[in-house]
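Visitor: Chains as they are written, first to last, in UniProt numbering: chain A, 1 to 209; chain B, 1 to 130.
It should be emphasised that the hints constitute simulated quantities derived from the structure, not laboratory data. Since this is a predicted model, take the numbers as computed values, not measurements. Every residue, glycine too, gets a C-beta built ideally from N, C-alpha and C. Keep in mind that the hints are not guaranteed to be accurate.
As the list claims (entries may be wrong) - Some chain A residues near chain B, calculated using beta-carbon distances under 8 Å:
1. G14
2. S41
3. G47
4. Y61
5. V66
6. H70
7. L79
8. V81
9. E92
10. P93
11. F176
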Amino acid sequence: MEVADHKAPTLENGQLADENADVLQFMDSMDAYFTLLHSLSSTLRQGWLELASARHSMGAYRVNTVLLDHTSHSAATTLLVTQDEGKVDSVEPRFTLCKWGSSSNEKFLGEKQSSQDQLHPQLRHRGSTQLSEEKTSSENKASCEIDDQVQKGRSKSLSVFGTLVSPKLRSAQLSFETALETLVEMANARSEMLYAFDKVDKKLGDGKE
Amino acid sequence: MANRNQIPTSNSALIAMIADEDTVVGFLLAGVGNVDLRRKTNYLIVDSKTTVKQVEDAFKEFTTREDIAVILISQYVANMIRFLVDSYSKPVPAILEIPSKDHPYDPAHDSILSRVKYLFSAESVASGRR
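Kindly generate the complete structure, drawing on both the sequences and the hints.
Guide: Structure representation (structure tokens):
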């Protein structure tokens with residue numbers, strides 16, 4: 001009888017701990033969402049101000065939606081959407097930003113390094129300094145290639161508004177890139193919040209029955 | 001147990017926008033603009049001449065396109081089609097309500113926060129304690 005009495009409170013404590021963990025997860029994700037939203041508001045305000053400054057210095061007819069490219073072209077900045085593998089029975093998506101194709105390039109850089117490591121494992125025992133120097137220089141070269149691609153992407157995007165653009169327009173571009181990064185984090189925080197909310201809501205519903 | 005619907009994964013999904021001119025121009029500068037072969041864009045610029053029907057049609061189109069993963073919509077524009085935004089419940093594309101230049105963000109109107117706020121009502125707290 002005493003053993004049974006001890007077991008019942010332990011089970012209840014375990015369930016309570018699970019529920020508390022779910023509620024905490026929900027609150028944490030909601031807090032993250034609000035924090036990111038605040039950051040986004042600030043970044044967007046800066047971007048709008050810089051855009052207005054660019055319009056002021058270049059002229060309203062030069063920073064205009066009429067100039068937008070309406071010919072067929074693909075987005076240079078896209079998203080990688082995956083399913084969160086940490087959660088078995090979940091439909092929680094995970095978003096990753098690929099700015100100017102840079103995430104796909106970084107992945108290629110990682111694959112190139114690992115393939116080089118596989119080709120030259122025996123050299124690690126001798127001339128390790130030379131190997132590390134070669135590795136660093138190849139990393140730098142690949143990194144420079146990625147930076148060049150990013151700069152080309154940015155220049156192409158700015159060229160819609162003319163060859164010579166105001167530095168404020170370049171600043172606005174960077175601000176909106178930062179805003180995009182925040183938005184992707186917000187999308188992930190939103191997914192986590194909804195996942196945690198569903199768990200808490202389900203347990204509340206089970207408790208009422 | 002039945003399997004839940006899988007997320008449509010993608011390695012080059014688009015970000016769609018339904019917002020004012022400055023917001024759309026800013027994000028286009030960041031490289032998110034896409035125009036397909038049929039000259040369909042992934043954005044709608046909302047101004048004083050844009051009708052509610054146009055906003056509705058754009059929202060419905062973007063939420064049904066498989067190549068779009070996130071939709072950015074200015075909150076004041078979302079308020080024009082609030083019933084449509086609030087009734088949307090799919091995980092992808094994710095709908096993010098954002099502030100605009102002339103209309104600051106109001107958490108009371110956000111569709112996601114409206115969905116979860118009932119958890120903080122006195123009734124739900126009281127019923128959870130029973």
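Visitor: Would the stated hint for Y61 (chain A) survive a check requiring a Cβ distance to chain B of less than 8 Å?
Guide: Interface hint status for Y61 (chain A): violated (14 Å vs cutoff 8 Å).
Visitor: Should the interface hint for F176 (chain A) be scored as holding, given a Cβ-Cβ cut-off of 8 Å against chain B?
Guide: 4 Å, holds
Visitor: Return the status of the interface hint for H70 (chain A): holds when the least beta-carbon distance to chain B is below 8 Å, violated otherwise.
Guide: With a closest approach of 6 Å, the H70 (chain A) hint holds.
Visitor: Just to be careful: measuring from the Cβ of L79 (chain A) to every Cβ in chain B, is the smallest value less than 8 Å?
Guide: Because about 4 Å separates L79 (chain A) from the closest Cβ in chain B, which is inside the 8 Å limit, the hint holds.
Visitor: Minimum Cβ distance from G14 (chain A) to chain B below 8 Å?
Guide: With a minimum Cβ separation of about 18 Å from chain B (threshold 8 Å), the hint on G14 (chain A) is violated.
Visitor: Restraint: G47 (chain A) near chain B, CB-CB cut 8 Å. Satisfied or not?
Guide: Because about 5 Å separates G47 (chain A) from the closest Cβ in chain B, which is inside the 8 Å limit, the hint holds.
Visitor: Any CB of chain B closer than 8 Å to the CB of S41 (chain A)?
Guide: 5 Å, holds
Visitor: Let me know if the C-beta of V66 (chain A) comes in closer than 8 Å to any C-beta of chain B, holds or violated.
Guide: 11 Å, violated
Visitor: Tell me if E92 (chain A) is really an interface residue toward chain B, meaning its C-beta lies closer than 8 Å to one of theirs.
Guide: 7 Å, holds
Visitor: Report holds or violated for the interface hint on V81 (chain A), using the least CB-CB distance to chain B and a cut-off of 8 Å.
Guide: 5 Å, holds
Visitor: Do the numbers back the hint for P93 (chain A), that is, is its least Cβ distance to chain B under 8 Å?
Guide: Hint holds; P93 (chain A) Cβ to chain B Cβ min 5 Å, cut 8 Å.
Of the numbered hints given earlier, the model fails hints 1, 4 and 5; all others are met.
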